[in-house]
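Residues per chain are reported as follows:
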Amino acid sequence: MIKLKFDKALIAPGGTLDLSIDCSINKGDFVSIYGPSGAGKTTLLRIIAGLIKPETGLITAGNNTWFDAKKKINLKPQQRPVGLVFQDYALFPNMTIKENILYALGGKHSNESFTEVINLMNLEELLHRKPDTLSGGQKQRVAVARSLVKMPEILMLDEPMSALDNEMRRKIQNYLLEAHKKFNLTTILVSHDVGEIFKLSNSVIMLEDGKILRQGPPADIFLNKEISGKFQFSGEVLNISEEDVIYIITVLIDQQVVKIVAVESTASQLAIGDKVMVTSKAFNPIIQKLA
Amino acid sequence: MLDWGPILLTLKLSSIATLILLVISIPLAYWLAYSKKRIKPIIETLVSMPLVLPPTVLGFYLLVAFSPNNFLGALLDEWFGLQLIFSFEGLVLASVIYSLPFMVQPIQSGFKNLPQNLSEASYVLGSSKFKTLTKILLPNIKSSLLTGIVLTFAHTIGEFGVVLMIGGNIPDKTRVASIAIYDEVESLNYATANKYSLILFAIAFVILLSVNLFNGGYLSKFLDDKA
Chain R
1 MIKLKFDKAL IAPGGTLDLS IDCSINKGDF VSIYGPSGAG KTTLLRIIAG LIKPETGLIT
61 AGNNTWFDAK KKINLKPQQR PVGLVFQDYA LFPNMTIKEN ILYALGGKHS NESFTEVINL
121 MNLEELLHRK PDTLSGGQKQ RVAVARSLVK MPEILMLDEP MSALDNEMRR KIQNYLLEAH
181 KKFNLTTILV SHDVGEIFKL SNSVIMLEDG KILRQGPPAD IFLNKEISGK FQFSGEVLNI
241 SEEDVIYIIT VLIDQQVVKI VAVESTASQL AIGDKVMVTS KAFNPIIQKL A
Chain G
1001 MLDWGPILLT LKLSSIATLI LLVISIPLAY WLAYSKKRIK PIIETLVSMP LVLPPTVLGF
1061 YLLVAFSPNN FLGALLDEWF GLQLIFSFEG LVLASVIYSL PFMVQPIQSG FKNLPQNLSE
1121 ASYVLGSSKF KTLTKILLPN IKSSLLTGIV LTFAHTIGEF GVVLMIGGNI PDKTRVASIA
1181 IYDEVESLNY ATANKYSLIL FAIAFVILLS VNLFNGGYLS KFLDDKA
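Note that the protein sequences, when read in sequence, are chains R and G. All residue numbers for the first sequence refer to this note's numbering, where the first residue is 1 and numbers rise by one. All residue numbers for the second sequence refer to this note's numbering, where the first residue is 1001 and numbers rise by one.
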């Protein structure tokens, strides 16, 4: 269990921002931090990593105290068992991919965990390339591998997929889920994408103006509770067309384009580009065996 | 026959001063690039002073400070047997002070231009500040280091006022090429002055050309083609 309770005054684009956090994260959780730009999401990760020192408060992980303003305890980033994947990846340009990852192990020798993350992130063929010859998705995988190789207890990712196309996003999301399970990680992900949050995380922290508005499972945070769908998919509205008395809503779910019938009252609330949740009750869908 | 003494002395002085400055400037530039201390602007200004200060002013104060009649000069002589005026050691010290900004400023801006994330990523991965400096920061500011080294070297070759003030014109001790040129012109030996000048011109050209080739990526392209 990680307990976070601290305050930090920040200089933000619109003046000062008081980041005031009070929450706890269970071991093994996949937590997403969701909120508008400038809400303090990145700063929260940087404080947990030890790159920024809060003014007051306490950060503990299990029985270990990482930060305690009263007792003047503040573990350096080097002493905290965390991995942090930066938004721009922060790969070292002077080193090859292999050297980048081995750097996290403090030297030149590879070990089991090295082989394991290389296999998991599918990096064998890139090992001898330099970072500036890689695509965004490849850099992303390297950055995750580099953070994973020293076996952190907590893996933190700062909007890791914001610069990737959908296909690549999906792949990285799968890699992340696999790593999360395989290494018994506690993962904290900053994300703007509701679909991604539903797919990956079991808990959401909603941050706005430096304060936690709500914390809970994604469905509690983003959905009205009265829906009791057995099937849920999140997607994006691509098109809305009127057909006689009904409306056809075209929705992009993951990689599939789906058409859904809606009545006028529902359709009038929607606009192209809206994020939507498509649910279906158990007795409704048609099941067909795939050949 | 041309006396090569002044040229060799110049090259020796420039090499030693550049080497000393490289060692001093890396920590100094690191501190200037990352420190948030209030005293920083003052140190920054002091480092840059030789850029605007007439070399004769600097030379004059060094001459006064290191004169054996004064406290500091007497102390150095008594404790270390160092006589810094009219000696090669004095020239080295004066050159180090005089060329300091030419080494510190490129390295400092090199550090500043690196993304902050690189050092932070290194810390989170468990590396100390020193390891981050040697393995991450310095290898990624190679061109800044090279610029600093070359500017310092070239600038030390060209210095005149400070050398004249503190070193004088003692053959094979303090008579560097720029002084020799002045000396020859004063004695109306234009031909010799011209030879020294041409050599200095050639050295400066070759140095700057090699930097441009290196930093412009021409050399690496050439090497890649061969490989």
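Hints were generated in silico from the structure; no laboratory data involved. Any given hint could turn out to be false.
Calculated lysine-lysine pairs in the BS3-like style (CA-CA distance at most 25 Å, straight line) [what the hints assert, rightly or not]:
no., chain 1, residue 1, chain 2, residue 2
1, G, K1037, R, K76
2, R, K76, G, K1112
3, R, K171, R, K76
4, R, K150, G, K1112
5, R, K98, G, K1037
Restraint-style ranges between C-beta atoms, simulated for each label pair [stated by the list, open to error]:
no., chain 1, residue 1, chain 2, residue 2, range
6, G, I1042, R, D7, 29 to 39 Å
7, R, I253, G, S1035, 28 to 38 Å
8, R, D7, G, A1204, 56 to 66 Å
9, R, C23, G, L1208, 56 to 66 Å
10, R, T133, G, W1079, 55 to 65 Å
So, partial list: chain R residues that the calculated Cβ filter (under 10 Å) puts toward chain G [to be verified]:
no., residue
11, V85
12, Q87
13, L91
14, F92
15, A104
16, G106
17, H109
18, S110
19, V278
20, S280
Think of the CB as a built atom: it goes at the ideal place given N, C-alpha and C, for glycine as much as any other residue.
Each hint, compared with the structure:
{"no.": "1", "hint": "G:K1037 x R:K76", "in the structure": "holds (20 Å)"}
{"no.": "2", "hint": "R:K76 x G:K1112", "in the structure": "holds (22 Å)"}
{"no.": "3", "hint": "R:K171 x R:K76", "in the structure": "violated (33 Å)"}
{"no.": "4", "hint": "R:K150 x G:K1112", "in the structure": "violated (29 Å)"}
{"no.": "5", "hint": "R:K98 x G:K1037", "in the structure": "violated (38 Å)"}
{"no.": "6", "hint": "G:I1042 x R:D7: 29 to 39 Å", "in the structure": "holds (33 Å)"}
{"no.": "7", "hint": "R:I253 x G:S1035: 28 to 38 Å", "in the structure": "violated (52 Å)"}
{"no.": "8", "hint": "R:D7 x G:A1204: 56 to 66 Å", "in the structure": "holds (58 Å)"}
{"no.": "9", "hint": "R:C23 x G:L1208: 56 to 66 Å", "in the structure": "holds (59 Å)"}
{"no.": "10", "hint": "R:T133 x G:W1079: 55 to 65 Å", "in the structure": "holds (57 Å)"}
{"no.": "11", "hint": "V85", "in the structure": "holds (9 Å)"}
{"no.": "12", "hint": "Q87", "in the structure": "holds (8 Å)"}
{"no.": "13", "hint": "L91", "in the structure": "holds (8 Å)"}
{"no.": "14", "hint": "F92", "in the structure": "holds (6 Å)"}
{"no.": "15", "hint": "A104", "in the structure": "holds (4 Å)"}
{"no.": "16", "hint": "G106", "in the structure": "holds (7 Å)"}
{"no.": "17", "hint": "H109", "in the structure": "violated (15 Å)"}
{"no.": "18", "hint": "S110", "in the structure": "violated (15 Å)"}
{"no.": "19", "hint": "V278", "in the structure": "violated (38 Å)"}
{"no.": "20", "hint": "S280", "in the structure": "violated (43 Å)"}
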